[in-house]
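Protein chains in written order, with the numbering used here: chain A, 1 to 406; chain B, 1 to 343.
Read the hints as simulated data drawn from the structure, not as lab findings. Mixed in with the good hints, there may be bad ones.
No more than 35 Å apart at the CA atoms, straight line, and that leaves these computed lysine-lysine pairs for DSBU-like [to be verified]:
no., chain 1, residue 1, chain 2, residue 2
1, B, Lys128, A, Lys381
2, B, Lys124, B, Lys235
3, A, Lys385, B, Lys128
4, A, Lys385, A, Lys10
5, A, Lys380, A, Lys233
6, A, Lys383, B, Lys128
7, A, Lys89, B, Lys308
8, B, Lys150, A, Lys319
9, A, Lys381, B, Lys124
10, B, Lys167, B, Lys77
11, A, Lys233, A, Lys6
12, B, Lys124, A, Lys380
13, A, Lys233, B, Lys128
14, A, Lys380, B, Lys128
15, B, Lys68, B, Lys167
16, B, Lys235, A, Lys233
17, B, Lys150, B, Lys124
18, B, Lys124, A, Lys233
Here the structure is a predicted model, which is why all the values come from computation and not from measurement.
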Amino acid sequence: MLGLSKKDTKFLFIVIALTAATPILLQPFPEGSAMSQFNAGYPDLMQRFAIFGIFAIGFNILFGLTGYLSFGHAAFLGVGSYSAVWMFKLLSMNVLPGIILAIIVSGLFALVIGYVSLRRSGIYFSILTLAFAQMSFNLAYSVLTPITNGETGLQVTLNDPRILGQQVAANGNVPPTNFFGLEMGSSLKIPVGGWEFTFNAGYYFCAVIAILAFYLSLRIFRSPFGLMLRAIKTNQTRLNYTGLNSRPYTLAAFVISGMYAGLAGGLLASMDPLAGAERMQWTASGEVVLMTILGGVGTMMGPILGAGFIKYFENIFSKINENVLHQWFSFLPDGLEGFVIWVAEHFVGSGWHLTSGVLFMMVVIFLPGGLVEGGQRIGKKLKRKKSDGDGDDAEHHPKQSPHVAE
Amino acid sequence: MDAIILQILNGLDKGSAYALIALGLTLIFGTLGVVNFAHGALFMIGAFCAVTMQRILTLSYETIDATKTDFLGNALKVKTPYVESWFGPEMGASIIDWAVPLAILFSIPIMLLVGYVMERGLIKHFYKRPHADQILVTFGLAIVLQELIKHYYGANPIPTGAPDAFKGSFDFGTLLGFDPNTVIYPYWRMVYFAFAAVIIGAVFAFLQFTTFGMVVRAGMADRETVGLLGINIDKRFTIMFGLAAAVAGLAGVMYAPINSPNYHMGMDFLVLSFVVVVVGGMGSLPGAVLAGFMLGILESFASMNWIKDIVPGIDQIIIYLVAIIILLTRPRGLMGRKGVMED
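Chain B with its partners taken away, still in its complex shape (with noise of 0.2 Å):
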């Protein structure tokens, strides 16, 4: 029992980030009718956006500090970060340790405006296009975004850490009356995932309450009308594909303590949260987010060792496994609404 309630954790933050991306795939896919490939390139972006915001922070200016010499007798440089010269050390070193959170700050802007400039400047001109050229163009636009960030931040993986506050971990063992040490679960794992809550809950509540979600839900079912309704719906559609491209920041931001950015995890989640989608159910937003949940937890179970000596290598494989098997016996995924990209 506590070992199922261990995987079950254990899946939840894989399942919060495939539901995220998942979740901004379907928002893109049922406003804008475009199949995004680059969605991974959105979420390593964010991702990169926390490491850039570590690297501000701990720009440092060095001094020499005469009162200690090296083995050699030279005086030692100290590195101070500007940061802790303006704020003092200890606020300093306390705003660096919270860098990933503070980068969520900073990276809704960008990914708003990254995602404005996507979509302005390239998606625009493939609505009418066929969904071939679609996905090749914006498979190209990932191959770029990827190269760059390889480029600029080199190819193997940063470490980013968590705020200290969130490093250790929980023992949910003992509040379920469990041995202690069983069932353990890092606290920016809980955080992670009650951040994925918040935003799922927040998109929803967003294109349920508000006059703007309505009409961008209108817009879903019949652009037409909504447009001879005089209303600008482009515009509407534009700003959603900024926002899908901030939940996948956001993701990413928040990911970065949990796996270090490299610059290809935007591809190794994009292929998943693809599978993700087309299992939910293409178009369907509740879905998505179901389907995320379920597939992250399911390769969680399956990477548990008794599991893998029965079948090996079940890990690497369960989640194509059920994408096949639900493809080939509800082709419209689990909550596939009917006439949503039937072919």
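This is chain A alone, in the form it adopts within the complex (with noise of 0.2 Å):
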């Protein structure tokens, strides 16, 4: 169906019932509980989950096919970001002509910083992407401040022509960002015993939007086009002697996952229309790598799953504070409480990145393979504990076919 195999049309149906239920599966704890604070079924961080996990898709399309390491792909988002909310600031507060302007931008920067970069590979690649990215944030700041707004940020005002759509709304403020008139930040919340589930139109629109990126991603990792840029990964030097260009082949996965990044930058606009030099930074290029390779480089679900475990755990550090801690903590002895208290306490609140730096070097050192190789790893320990009673040998099972995630 849809041109996938069964397994893969297996796969993507679970992805689609997952993003459809997450307002309900992430909300396990209910209201005024003391654990409710793990709690993340808001919609501002669904939203997060959505998009940070189309940009790790995008990101993975590159990285994980074809094995460029880029350092600069949050330039895209931002790009993206800044020609949304000037769709926003010129035509109208709906979403979708400030989403295909992202795409269309990212897409045209990504193709001039792909066609310079992909003339070397290996770590020079690296570089060039990240002194792109570093080259955007500067010029974001300085020079480019009449379409950037430099420091404090773009946004939208009251001012602003907006000329097909209504430049101030009825209450006298900025109109909300919509989708033909269904607000982006609408919401239905459904009380159910002692939990409270929010469904947000914003939410939905992402998720949608995100199965989309997702579908055409399992497609091209299962195209001819996805094989050649698996070729590329294992050896691009054999490929060469075989009388392949490689370079258009790198080029158009760059310029695709350029423009996931640069759709998730301008879904992140549509959400909170405003846009800020920060998100071209180095770190929010270090960021996206974080999540991908912690889910999982080259696999199908992996940034999804990274994407979403960094953005809920950073919600969750960074809510906790040292009184948090001291109500934890508080059954220790009191040195040890102390002491555990102090290591804890670099970790916790502000010092996210740090948590973030450490997980990072983690998973790097131990767990190359992202938590999809971490999960297949205990799968298969279990597998084996259960076979042993058998007394059956492995060669007379038939080799396991490759997970979809492979």
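Hints given; two lone chains; assemble the complex.
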């Protein structure tokens, strides 16, 4: 179905079901209970899951398939955000034109940067993309201030023309972003027992786009084009010896992944109509790399898992402060409690970046395949234990066909 | 003419910093074959060594001075640094004044240790892994180091002054026959340039004229053969890593008075230093130094007002533009050798 194998179709439907049920799944603890701070079912965070999922899926098309490690992908995210906000300023608060322009502009941007950067590979490529991203960041802060509004960030105001839409909403404020009338901020709250589930229009909008993006990347992974990209990763020299010019393929992958990033940026602006240069900083580029490798480079599910993991823990860790820590560790003896809290304090609150840095190193050192590989390893171990009792040897079992995620 | 000389001088100090960092990067890359994204963090740690030295020297105890009172009539508390009470007020004050140069002595063992621990504890395990993994793990390390510094020293730049003796500026204009006050250059920047020149000279001399350096150069050219001759090349490479860390650290210590240290200075310099390495040619030590000074001077030319009027924002991007042009026309960089990191 949909041009996918049976297994992939099943996989896609699982993803769709999970995304649709996210507002319920992420709200496992009743409102007001002690654990409710671990809930993640609010619109803002769920939107981020979907948006950064898209970002990471796109990054994975480049890094996972071709092996080219770009350190400047945040630039495309920033460009996407800026173009979307400009559409909100000039045209209307409908998100569609904004997102379309975001994809187009970031695609063009990626074409230019990719054309230059892809002349080199390996670390040269990483450095070139990093340099380009820093250059865009510097420009956005300084000379391009008329377009980017410098340090303040680009915002929608009441004086913007908005030639197709309303300039001012009925209540005198800037009109909210909408999709043909469906406001992104509107949500439906359904209390069930002690729980309260929030079904947010913006989240579902992002989720639908994320599923489309996921479907597209699934098709790319399974296509001859995807195969070609894998060949580039495996051995580019050999590929060149067969008389193939690999550069158009890598450039196409780079532009596609840049457009994904632009789409994510456009969505980010659609949910909250402002754009700032800090979205283009190297830390932001590092974050998407972290998401992808944490989930599992080159796997289908990995980047989404990684994005969700990072965004969830960013949210949780930032909320924890010293008082919460004291509550948690109060069962420890005094001296030990003080020490544990002293250590933990570095990692929570504003120390989230430290945590992500440590996580980064841990994943690269101990789990280069990311969470997906970790899960597979655990799965294999469990399976081996079970089969021990049967007395069969492995040869009599057909070799397990590769998991979808591979 | 005077403006041109001024810009060249202005570019020298930044160029020195680029050259020193790029030199360390190239040393690490040439010996261990590792791309060290945490090298900027080492530069930053050096700068914070200077900050720490200043803080240690100004550690004070409070005494109540009964002779002076504040406007409410309470006795004033007077802070006296321990150093002043130990060495007498005058000697103590001048020791505090010389905090940054003193920090050099303090930073060398620290940086060597940091480099040694980094190499043995982390980088060692990454020799055989792909370059992407090396980049990622050192990138993670850079974030960790930077965030730790931010946690303990705060996010704001910390002013760290040069000794009073170097506070003024030197008037080159009168020396060269221009009007006075046209070409003035702060003493500390001259010191920085001289310092960088000495360090660079020392590193080259060390590699060129000592037996140790000879072995290291041989190891860079053909690691296996040197190993077969019964020389423990790994150990020497570890020492070279420590040395490269020390060079970056010293560059940072001396840079503290020029630009108040903040936690993200490492990354700011790292990106540019990598560009410098790429322009100079990966694995070429003279190339790194040459490109460092060249780009530093170019950057300062680009920040001249009349050039900025013609091409706005050129000062922000000139280095990247040069790098792009060089990479497209001379893929190996200015002085890159054949066969070194071709891909």
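Here is what the structure says about each hint:
About 27 Å separates the Cα atoms of Lys128/B and Lys381/A, which keeps this hinted pair within 35 Å; it holds. Distance check on the hinted pair: Lys124/B and Lys235/B sit about 11 Å apart at the alpha-carbon level, within 35 Å; holds. With a C-alpha separation of about 33 Å, the suggested pair Lys385/A and Lys128/B falls inside the 35 Å cut-off, and the hint holds. Restraint check for Lys385/A and Lys10/A: satisfied, since their Cα atoms lie roughly 28 Å apart, inside the 35 Å limit.
Only pairs whose Cα atoms come within 35 Å are accepted, and Lys380/A paired with Lys233/A is accepted, the gap being roughly 27 Å. A distance of roughly 31 Å separates the Cα atoms of Lys383/A and Lys128/B; the hinted pair therefore holds under the 35 Å criterion. Only pairs whose Cα atoms come within 35 Å are accepted, and Lys89/A paired with Lys308/B is accepted, the gap being roughly 30 Å. Restraint check for Lys150/B and Lys319/A: the C-alpha separation of about 19 Å stays at or below 35 Å, so the hint holds.
In summary, the hint linking Lys381/A to Lys124/B is supported, as the alpha carbons are separated by about 30 Å, within the 35 Å threshold. Note on Lys167/B and Lys77/B: the hinted pairing holds, with a Cα-Cα distance of about 30 Å set against a maximum of 35 Å. Only pairs whose Cα atoms come within 35 Å are accepted, and Lys233/A paired with Lys6/A is accepted, the gap being roughly 27 Å. Restraint check: the Cα-Cα separation between Lys124/B and Lys380/A comes to about 30 Å, which is no more than 35 Å; the hinted pair holds.
A distance of roughly 18 Å separates the Cα atoms of Lys233/A and Lys128/B; the hinted pair therefore holds under the 35 Å criterion. Between the alpha carbons of Lys380/A and Lys128/B the distance comes to roughly 27 Å, so the proposed pair stays at or under 35 Å and holds. Restraint check for Lys68/B and Lys167/B: satisfied, since their Cα atoms lie roughly 32 Å apart, inside the 35 Å limit. At most 35 Å may separate the alpha-carbon atoms for a hinted pair to count; Lys235/B and Lys233/A meet this at roughly 34 Å.
Restraint check for Lys150/B and Lys124/B: satisfied, since their Cα atoms lie roughly 27 Å apart, inside the 35 Å limit. Restraint check: the Cα-Cα separation between Lys124/B and Lys233/A comes to about 25 Å, which is no more than 35 Å; the hinted pair holds.
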